Each structure stands twice: as structure tokens, then as C-alpha cells.
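Student: So you can see what is in the structure, the chains are spelled out below.
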Amino acid sequence: MRTALRRRDAATRTTLGPSMTPMVDVVLVILVFFMATASVAGPEWFLGAAIPSWAPSTASANEAASAGADDEQRAILPEARLEVRLVRAGGQTLATGLGVSGVGLDRLADAARTLGQRVDIADAIVVVIPSGDVPYEDVVRVHDACLGAGLTRVAIIGE
Amino acid sequence: MRRRLVQPAGETPRVNVTPMIDVVMVLIIFFLIVGRLAAEKRAPVDLPSADFGADGALATPMVVNVLAPDGRVDIGGRAFGVGEVTLLAEDRVADEPDLVVQLRADRSLAFDAVRPVLDALRAGGVESIQLAAREGGRP
Numbered sequence: 001m002r003t004a005l006r007r008r009d010a011a012t013r014t015t016l017g018p019s020m021t022p023m024v025d026v027v028l029v030i031l032v033f034f035m036a037t038a039s040v041a042g043p044e045w046f047l048g049a050a051i052p053s054w055a056p057s058t059a060s061a062n063e064a065a066s067a068g069a070d071d072e073q074r075a076i077l078p079e080a081r082l083e084v085r086l087v088r089a090g091g092q093t094l095a096t097g098l099g100v101s102g103v104g105l106d107r108l109a110d111a112a113r114t115l116g117q118r119v120d121i122a123d124a125i126v127v128v129i130p131s132g133d134v135p136y137e138d139v140v141r142v143h144d145a146c147l148g149a150g151l152t153r154v155a156i157i158g159e
Numbered sequence: 160m161r162r163r164l165v166q167p168a169g170e171t172p173r174v175n176v177t178p179m180i181d182v183v184m185v186l187i188i189f190f191l192i193v194g195r196l197a198a199e200k201r202a203p204v205d206l207p208s209a210d211f212g213a214d215g216a217l218a219t220p221m222v223v224n225v226l227a228p229d230g231r232v233d234i235g236g237r238a239f240g241v242g243e244v245t246l247l248a249e250d251r252v253a254d255e256p257d258l259v260v261q262l263r264a265d266r267s268l269a270f271d272a273v274r275p276v277l278d279a280l281r282a283g284g285v286e287s288i289q290l291a292a293r294e295g296g297r298p
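From first to last, the protein sequence lines stand for chains Z and V.
The first sequence begins at 1 in the numbering used here and counts up one residue at a time.
The second sequence begins at 160 in the numbering used here and counts up one residue at a time.
It is worth saying that the hints were derived from the structure and are not from the lab.
Just so you know, these numbers come straight off a predicted model, no measurement behind them.
C-beta: ideal position from N, C-alpha, C; glycine also.
Among the clues, some could well be false.
Unchecked claim - With the Cβ distance kept under 10 Å, some of the chain V side facing chain Z (calculated, not the full set):
{"#": "1", "residue": "ILE192"}
{"#": "2", "residue": "ALA202"}
{"#": "3", "residue": "LEU206"}
{"#": "4", "residue": "THR219"}
{"#": "5", "residue": "ARG231"}
{"#": "6", "residue": "GLY235"}
{"#": "7", "residue": "GLY236"}
{"#": "8", "residue": "PHE239"}
{"#": "9", "residue": "GLY240"}
{"#": "10", "residue": "GLU243"}
{"#": "11", "residue": "LEU262"}
{"#": "12", "residue": "ASP265"}
{"#": "13", "residue": "ASP271"}
{"#": "14", "residue": "ALA272"}
{"#": "15", "residue": "LEU277"}
{"#": "16", "residue": "LEU290"}
Claimed, not checked - Which residues of chain Z face chain V? A few of them, derived with a C-beta cut under 10 Å, are:
{"#": "17", "residue": "MET23"}
{"#": "18", "residue": "TRP45"}
{"#": "19", "residue": "ALA49"}
{"#": "20", "residue": "ALA50"}
{"#": "21", "residue": "ASP123"}
{"#": "22", "residue": "ILE157"}
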């Protein structure tokens with residue numbers, strides 16, 4: 001009689017206890033889901049750029065950019081076009097535009113920030129004109145510097 | 160002794176939903192991952208880094224991978240020449256005027272390798288692109 005009661009108690013404990021296996025199963029699936037989606041998405045983002053059909057102007061657009069820092073009236077023109085020319089010299093990329101000439105990309109970024117602080121240039125279009133031997137990485141870096149300075153309309157055309 | 164298969168009186172039969180949820184979730188995950196990989200077919204590109212990017216478009220983009228300076232690009236896991244890129248772009252733009260093109264070019268390439276691709280896209284009617292970059296952490 002006692003043995004029978006003990007067996008019944010054991011059976012009751014077994015059936016009433018929560019089953020961990022399905023829970024662990026579901027939790028693992030959720031874990032795998034987040035791991036997989038994270039690896040597929042990747043730490044990647046995008047910089048929007050226009051690829052216009054017009055050729056880079058030979059006019060003194062950089063003079064306009066230089067003037068933009070001093071003359072607010074010219075800088076806020078809706079069609080203001082600021083050209084940044086990139087060339088490769090001495091193993092580094094040199095930029096001319098936004099009020100500076102033949103400087104490294106760090107100084108160009110500083111010039112862009114200064115320009116952004118002094119005048120309203122949000123509507124201006126920055127045209128990045130790299131020469132063929134400029135590393136693509138530097139083109140993206142200039143684009144990034146423009147975005148950081150508030151110049152969101154960037155176009156890229158070849159020389 | 161024969162086991163009782165008859166439901167005891169007063170007890171309602173219960174359906175165990177846990178395995179069903181489990182299987183359904185596995186299927187959802189499978190189709191999500193396979194669908195996304197099939198749509199994008201991201202090639203392993205060493206992207207440049209940027210600090211001020213934005214998330215990509217929600218619509219299905221045309222992903223153009225520029226891996227080498229030989230004038231060939233990878234789109235959807237297949238290699239194409241620059242001339243074919245123009246035709247592909249024309250076809251896509253005809254169907255989707257607001258087509259988003261994501262350009263994934265290797266950071267070590269010179270602009271000479273990327274420019275023909277930009278020209279080909281422009282010739283195909285694409286007016287704006289998204290340059291793919293790694294988030295921050297410029298080396």
C-alpha cells in the first residue's frame with residue numbers, strides 16, 4: 001500500500017513539473033534568428049550621391065565656393081554648385097575646393113565644417129570630381145566629410 | 160495489461176502548441192534568410208568606412224558590386240561587363256523609375272575602376288546611387 005502511494009506521488013510530480021525542453025528549444029531558435037539576421041544585415045550603410053550627366057565646369061566654381069564663405073548671398077543660391085577636385089600627388093590625395101586648394105582630406109573636412117558653420121549651404125550641390133588614380137576610398141571620405149558638414153547634396157562625376 | 164486510450168471523463172484534450180510554434184518559427188527564419196540572401200547575393204567586398212551614412216532603401220535595390228579593376232561587376236552573383244550594366248539598368252528603370260542602385264566597390268580600387276560603372280548606370284537612366292560603406296571606425 002505504501003509503495004503504491006509512493007509511486008503515485010512520483011508520477012504526479014513528473015506530470016506537473018514544467019517541461020524545460022520545448023522552452024529551451026524555442027529560446028535557442030530565437031537566439032539563432034537574431035544571430036542570423038545580424039550577420040545578414042551587417043554593419044553597412046549608404047551615402048546617397050547623384051551621378052549627373054553634365055560635365056564638370058571649367059569655370060571658377062571654386063571661386064564661388066571661396067566667396068561663399070564670405071558672401072552669404074551667393075552661397076544660398078539654390079543652384080550653388082561647389083566643386084571639389086581630387087588629384088593624386090606624392091602618394092596622397094589632394095583636394096581643391098570649398099575655399100581651400102591642394103590640401104589633404106583632413107583639411108578639406110575642416111574647411112567643409114567651417115563653411116557649413118558660417119553660411120547656409122544646405123541647398124548647395126557639391127560636385128566631387130576625382131581624377132582616375134584617386135582611391136575610391138578617398139572619394140567616399142570626401143563625400144562623408146560633406147555630409148558631416150551639412151552638405152547633403154553630393155554628386156560624383158569623373159574628370 | 161492494456162493501456163487505456165480512452166480520454167478520462169471530465170478532461171478536455173489539449174493540443175501541445177510548442178512544437179508547432181517551433182517548426183513555424185524555423186520555417187519563417189529559413190525563408191527570411193534564404194529570401195534575403197537570394198535577393199541580394201552580397202559579394203564579399205572590403206568597403207570604405209563612413210561616419211555619416213544612412214540605412215539603405217527598403218525597396219529591392221539593384222546591388223552592383225565592383226570587385227576588381229577589370230571593368231566587370233557582380234550583380235546578383237553573376238559577372239557582367241559595363242555594357243551589360245547599362246542594359247540591365249535600362250530594363251530595371253523601365254519597370255521601376257525610382258530604382259535604387261547600391262554601389263558596393265572595394266576600397267582599394269582607384270576611381271578609374273568605378274567611373275565606367277557610374278557612366279554605365281547613368282547611360283541606363285540611373286540618376287542617383289547609394290554608395291555602400293562600413294559604419295564608422297575609419298582605420
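Student: Hint by hint, note whether the structure agrees.
Tutor: Hints, one by one, checked against the model:
1. Among the interface hints, the one on V:ILE192 holds; its C-beta lies about 5 Å from the nearest C-beta in chain Z, closer than the 10 Å criterion.
2. A cut of 10 Å between beta carbons decides the hint on V:ALA202: the least distance to chain Z is about 12 Å, and the hint is violated.
3. Hint status for V:LEU206: holds, given a least beta-carbon distance of 7 Å to chain Z, under 10 Å.
4. Violation of the interface hint for V:THR219 is found here, the shortest Cβ-Cβ separation to chain Z being roughly 14 Å, above the 10 Å cut-off.
5. Checking V:ARG231 against chain Z by beta carbon gives a least distance of about 16 Å; that is not within 10 Å, so the hint is violated.
6. Restraint check, V:GLY235 versus chain Z: the minimum CB separation of about 16 Å is more than 10 Å; hint violated.
7. With its C-beta approaching chain Z no nearer than about 15 Å, V:GLY236 sits outside the 10 Å limit, and its interface hint is violated.
8. Interface restraint check for V:PHE239: the shortest CB-CB distance to chain Z comes to about 18 Å, outside 10 Å, so the restraint is violated.
9. Because the beta carbon of V:GLY240 sits about 18 Å from the nearest beta carbon in chain Z, more than 10 Å, this interface hint is broken.
10. Among the interface hints, the one on V:GLU243 is violated; its C-beta lies about 18 Å from the nearest C-beta in chain Z, farther than the 10 Å criterion.
11. The beta carbon of V:LEU262 is positioned within 10 Å of a beta carbon in chain Z (closest approach about 8 Å), and the interface hint is therefore held.
12. Of the supplied interface hints, the one on V:ASP265 holds, with its beta-carbon coming within about 7 Å of a beta-carbon of chain Z, less than 10 Å.
13. The criterion of a C-beta within 10 Å of any C-beta in chain Z is met by V:ASP271, whose closest approach is roughly 4 Å, and the hint holds.
14. With its C-beta approaching chain Z no nearer than about 7 Å, V:ALA272 sits inside the 10 Å limit, and its interface hint holds.
15. Using the Cβ-Cβ criterion of 10 Å, the hint placing V:LEU277 at the interface with chain Z is satisfied: the shortest such distance is roughly 5 Å.
16. Interface hint status for V:LEU290: upheld, as the beta-carbon distance to the closest one in chain Z is roughly 5 Å, under 10 Å.
17. A cut of 10 Å between beta carbons decides the hint on Z:MET23: the least distance to chain V is about 8 Å, and the hint holds.
18. Interface hint at Z:TRP45: satisfied, since its Cβ lies 3 Å from the closest Cβ of chain V, which is below the 10 Å cut-off.
19. For Z:ALA49, the shortest C-beta to C-beta distance to chain V is roughly 6 Å, which falls under 10 Å, so the interface hint holds.
20. Evaluation of the Z:ALA50 hint against chain V yields a held restraint, the C-beta minimum of about 5 Å falling below 10 Å.
21. Proximity of Z:ASP123 to chain V is violated relative to the hint, the smallest CB-CB distance being about 16 Å (cut-off 10 Å).
22. With 10 Å as the threshold, the beta carbon of Z:ILE157 comes within range of chain V, its nearest partner Cβ sitting at about 8 Å, so the hint holds.
Hint compliance for this structure: hints 2, 4, 5, 6, 7, 8, 9, 10, 21 are broken, all remaining hints hold.
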